[in-house]
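Here is what each chain is made of, one letter per residue.
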Amino acid sequence: MSDVTPPAKRRWSLWLPLLLFGLFVALVAWGLIVPKDNNVPSRLVGHPLPQFALPAGAEGKPGLARADFAGGKPRLLNIFASWCIPCAAEAPQLAQLAAAGVEIDGVAVRDRKDDLAAFLARNGNPYARIGTDDLSTLQLAIGSSGVPETYVIDGKGTIRYQHIGDIRPDDVPMILKKLEEASL
Amino acid sequence: MIAEFGLAALWFAAALAFLQLLAGALALTGRGEGLGAVIRPVAVVQGVLALVAFGALLTLFAETDLSVKLVAENSHSAKPMLYKIAGAWGNHEGSMLLWVTVMGLAGGFVALVEKRLPEPTMQATLAGQAFVSLGFYAFLLFASNPFDRLSPVPAEGNGLNPLLQDPGLAFHPPTLYLGYVGLSIAFSFAIGALVTREVGPAFARAMRPWVLGAWIFLTLGITAGSYWAYYELGWGGWWFWDPVENASLMPWLAATALLHSAGVLAARNALRAWTVMLGVVAFSMSMVGTFLVRSGILTSVHAFAVDPKRGTFILALLAIYIGGALTLFAIRAATVTEGERFAVTSRESALVFNNVMLTGSLGIILMGTLYPLVTEAFGEKVSVGPPYFNPVTAIFVVPMLIVLAIGPLLRWRRDNVKRIAPMLAIPAVLAVLALGAAIVLAPGRVLPIIGLALAPAIAAASVLPLRGRKLRQVKLPLWGMVLAHLGVAMALFGMASDSAFTTEKLVAVRVGDVTPVGPWSIRVAAVEPIAGPNWTALEAEMQASYEGSAPVVLRPQARTFWAPPQNTAESALHTRWNGQLYTVLGDQAADGRWQLRLWWKPFVPMIWLGGVLIALGGLLALLGRVASDVRRLVVRDRIAFRRERQGR
Numbered sequence: 001m002s003d004v005t006p007p008a009k010r011r012w013s014l015w016l017p018l019l020l021f022g023l024f025v026a027l028v029a030w031g032l033i034v035p036k037d038n039n040v041p042s043r044l045v046g047h048p049l050p051q052f053a054l055p056a057g058a059e060g061k062p063g064l065a066r067a068d069f070a071g072g073k074p075r076l077l078n079i080f081a082s083w084c085i086p087c088a089a090e091a092p093q094l095a096q097l098a099a100a101g102v103e104i105d106g107v108a109v110r111d112r113k114d115d116l117a118a119f120l121a122r123n124g125n126p127y128a129r130i131g132t133d134d135l136s137t138l139q140l141a142i143g144s145s146g147v148p149e150t151y152v153i154d155g156k157g158t159i160r161y162q163h164i165g166d167i168r169p170d171d172v173p174m175i176l177k178k179l180e181e182a183s184l
Numbered sequence: 001m002i003a004e005f006g007l008a009a010l011w012f013a014a015a016l017a018f019l020q021l022l023a024g025a026l027a028l029t030g031r032g033e034g035l036g037a038v039i040r041p042v043a044v045v046q047g048v049l050a051l052v053a054f055g056a057l058l059t060l061f062a063e064t065d066l067s068v069k070l071v072a073e074n075s076h077s078a079k080p081m082l083y084k085i086a087g088a089w090g091n092h093e094g095s096m097l098l099w100v101t102v103m104g105l106a107g108g109f110v111a112l113v114e115k116r117l118p119e120p121t122m123q124a125t126l127a128g129q130a131f132v133s134l135g136f137y138a139f140l141l142f143a144s145n146p147f148d149r150l151s152p153v154p155a156e157g158n159g160l161n162p163l164l165q166d167p168g169l170a171f172h173p174p175t176l177y178l179g180y181v182g183l184s185i186a187f188s189f190a191i192g193a194l195v196t197r198e199v200g201p202a203f204a205r206a207m208r209p210w211v212l213g214a215w216i217f218l219t220l221g222i223t224a225g226s227y228w229a230y231y232e233l234g235w236g237g238w239w240f241w242d243p244v245e246n247a248s249l250m251p252w253l254a255a256t257a258l259l260h261s262a263g264v265l266a267a268r269n270a271l272r273a274w275t276v277m278l279g280v281v282a283f284s285m286s287m288v289g290t291f292l293v294r295s296g297i298l299t300s301v302h303a304f305a306v307d308p309k310r311g312t313f314i315l316a317l318l319a320i321y322i323g324g325a326l327t328l329f330a331i332r333a334a335t336v337t338e339g340e341r342f343a344v345t346s347r348e349s350a351l352v353f354n355n356v357m358l359t360g361s362l363g364i365i366l367m368g369t370l371y372p373l374v375t376e377a378f379g380e381k382v383s384v385g386p387p388y389f390n391p392v393t394a395i396f397v398v399p400m401l402i403v404l405a406i407g408p409l410l411r412w413r414r415d416n417v418k419r420i421a422p423m424l425a426i427p428a429v430l431a432v433l434a435l436g437a438a439i440v441l442a443p444g445r446v447l448p449i450i451g452l453a454l455a456p457a458i459a460a461a462s463v464l465p466l467r468g469r470k471l472r473q474v475k476l477p478l479w480g481m482v483l484a485h486l487g488v489a490m491a492l493f494g495m496a497s498d499s500a501f502t503t504e505k506l507v508a509v510r511v512g513d514v515t516p517v518g519p520w521s522i523r524v525a526a527v528e529p530i531a532g533p534n535w536t537a538l539e540a541e542m543q544a545s546y547e548g549s550a551p552v553v554l555r556p557q558a559r560t561f562w563a564p565p566q567n568t569a570e571s572a573l574h575t576r577w578n579g580q581l582y583t584v585l586g587d588q589a590a591d592g593r594w595q596l597r598l599w600w601k602p603f604v605p606m607i608w609l610g611g612v613l614i615a616l617g618g619l620l621a622l623l624g625r626v627a628s629d630v631r632r633l634v635v636r637d638r639i640a641f642r643r644e645r646q647g648r
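The listed protein sequences correspond, in order, to chains A and B. To convert, note that position 117 of the first sequence is 117 in the UniProt record's numbering; the numbers rise steadily by one, no gaps. To convert, note that position 259 of the second sequence is 259 in the UniProt record's numbering; the numbers rise steadily by one, no gaps.
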């Protein structure tokens, strides 16, 4: 090309693109190897519940407010909805927990009164209180990204643990353990 | 039989690609006596065989041969013919077959017509093309065979995703692929030039038409995809900074930079190493984009065909090809001598600035796309959207647009600001006037105001290079540049106007109600059920009247497809010279009212008209370049012929 070739200079900057590409490969290789976890954990674990007061959602059960979580005893806060199929799937596990003496409060998200009553009639009602959260206000405030989700709240109203998705039969002992830890 | 025939063609094509690579390597190392001569014919036949395989797949889809797994999974006998055929590339395996077909055809085409470069450089280029093709043939044959049979044969297929059953999308993937994969030629040219140390103006001139061709398709593909997302998804937006969209934008940015730097190298023999680098980067971005989309590593609304195992395969290909090319670059670029020098005020400097800004925006978009993955590595989950992309891209794009107005007026090598200052008076005045108007009309919206102020100035400046010339004698590439820059101004205006002036209405109405949206009043006359070939729908009849004039009728639908079962909202649009009315029919509420989403979007079609204009500019430039190349070849042949006769 050119008649006079100057002595090739060592230019380290020329290796820079390869270095950047190496970093890219390392990053995406890591992303491929590590199993994908699409859960979005709440940032509020370890923080107290925000103030809220939700109207009652079902006949014979009171509504739910922040003050209900200051009783000194840990409780479960279960986010559910009648239109949510995994919620029906976890109903037996909630019943099992209730039978073990756990106090469970429910928050029905974006639900209708009739549908909710039918859901409780069909799947049982393990809840001490049921609040309705028509616009997902509480759901968003406690960092829940879907239904069902279950929170362990200690006796002072602090969120101690967040369980994303339905509670499977094998999860029950773990939930009971978390409740025990929360009461310490 | 057709499936086996297609598979056989694919195996033969792969074998020929191997032969092409082997012959090239032996010829270049001086061991293959006469082997160099077979490379070009082999490249052509390889391309034809890939096309035959693709034709076989098209036939299988057209006939809805359900014994083929891919057809059963992605097609259905009741689909309209257009979507049966489009189904061939509306899935992972078929689109990868399209990928190798485009690579093979592009390589074959280069082998047929490209005669300007020294033969060793061409051999290295074609061997490079075969090397890259080989990896993708392997990927198809070992990890994504499109011709796999299915037993037992199902009675009916699963159908194609209804969102893809749209004429716009039938042609969007092939167009995009011609661009995406066409850039492989630039990659191979860069490899060829590095291997044979032939980085110079001849290399740039040889590469330029191919880059231009790929770039035209890429521009059209992105424009079509954006318009499809706009009207088919029913969200009223035209760009979402989704990873898949970014995957198509990044090669486009690299190719745009490459076009401009190849221009400098061809005309002035400067920016040598940089141009080669961009040749490598452009197609690398295509491959990186494909990897990001197919591996499922990033969460995307476009996740039509995701499989982590395939991701690993593509990552291995990336590491080999991009890693190899960048290593070659690092070793050889040190021996590429510095090109011609130029002054700070010169056309070259403006183009360097354009290149830096394009590359910068590419880098910042790549970072934004990968950022969620980076933070996840440190245990944080984030998503990156318009609040990041819009301002950071603007940081690079706004200065670039200003230089776009000035650069084409500058002379090569050295120029004087004083010479061009008077010419810029008109755009400057326009910019100030538009800025004032925009601040009044869209107060407080920084980016739209900048866009509205810049667009008229860029439009005026983009025709200035024609000043003082006899229009009949203006060469096609110059017309091309003027048109493309005008298209940029137009698209910018559409984007700014859309975000500054759009009015949106979300209402629930009864039949007979009238709703105002911007200058329109819209009356729902009726909502009735209708049936299509593979769907049923509720269709609203809307009578829309613009400022009290005679109403036009729009018919948005809420469609229910039955194979696969899925609901889509088919929006209805009405376009006027000054904007677009966008209507979507939603669900019926319990009280019988219909949910409607209505938008009035002033000047929004200019976004896509601008995109088409940019592509048209590219086409004019391409025609001009090819015509002058052909003329030069004819003259050269005549001279050679005459010399030969005189010699005797």
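Quick caveat, the hints were computed from the structure, so don't treat them as lab data. Built from N, CA and C at the ideal position, the CB exists for glycine as well. Hints are not guaranteed to be accurate.
In silico BS3-like cross-links for lysine-lysine, where the CA-CA straight-line distance does not exceed 30 angstroms [as the list claims (entries may be wrong)]: (1) 156(A) with 381(B); (2) 156(A) with 177(A); (3) 381(B) with 178(A); (4) 418(B) with 177(A).
Calculated from the model, a selection of chain A residues having no Cβ within reach of chain B, i.e. all distances over 12 angstroms [to be verified]: (5) 29; (6) 56; (7) 84; (8) 134; (9) 181.
From chain B, some residues computed to sit far from chain A (all C-beta separations above 12 angstroms) [stated by the list, open to error]: (10) 32; (11) 62; (12) 297; (13) 329; (14) 440; (15) 519; (16) 597.
Okay, the hints, checked on the actual structure:
1. As the CA atoms of residue 156(A) and residue 381(B) are separated by approximately 29 angstroms, the hinted pair is consistent with the 30 angstroms bound.
2. For the given pair, residue 156(A) sits about 18 angstroms from residue 177(A) by alpha-carbon distance, which is consistent with the 30 angstroms threshold.
3. Between residue 381(B) and residue 178(A) the CA atoms are separated by roughly 24 angstroms; this keeps the pair inside 30 angstroms, and the hint holds.
4. In summary, the hint linking residue 418(B) to residue 177(A) is not supported, as the alpha carbons are separated by about 80 angstroms, beyond the 30 angstroms threshold.
5. Residue 29(A), annotated as away from the interface, has a beta carbon of chain B within 12 angstroms; the closest lies near 6 angstroms.
6. Annotated as non-interface, residue 56(A) keeps its C-beta farther than 12 angstroms from every C-beta of chain B; the closest such distance is 22 angstroms.
7. Distance check on residue 84(A): its Cβ is at least 19 angstroms (rounded) from any Cβ of chain B, clearing the 12 angstroms threshold; non-interface status holds.
8. In this structure residue 134(A) is separated from chain B by more than 12 angstroms, as the shortest Cβ-Cβ distance comes to about 15 angstroms.
9. Every beta carbon of chain B lies more than 12 angstroms from that of residue 181(A), the smallest distance being close to 22 angstroms; the non-interface claim holds.
10. Its beta-carbon lying about 24 angstroms from the closest one in chain A, residue 32(B) satisfies the requirement of being farther than 12 angstroms from that chain.
11. No Cβ of chain A comes within 12 angstroms of the Cβ of residue 62(B); the nearest lies about 36 angstroms off, and the non-interface call holds.
12. The beta carbon of residue 297(B) sits about 5 angstroms from the closest Cβ of chain A, which is not more than 12 angstroms, so the claim that it is off the interface is violated.
13. The Cβ of residue 329(B) sits about 7 angstroms from the closest Cβ of chain A, inside the 12 angstroms cut-off, so the non-interface label is violated.
14. The claim that residue 440(B) is not at the interface with chain A holds, since no C-beta of that chain comes within 12 angstroms of its own (minimum 37 angstroms).
15. Once the 12 angstroms rule is applied to beta carbons, residue 519(B) is consistent with being away from chain A; the minimum gap is 33 angstroms.
16. The claim that residue 597(B) lies off the interface holds: its Cβ sits roughly 19 angstroms from the closest Cβ of chain A, which is beyond the 12 angstroms cut-off.
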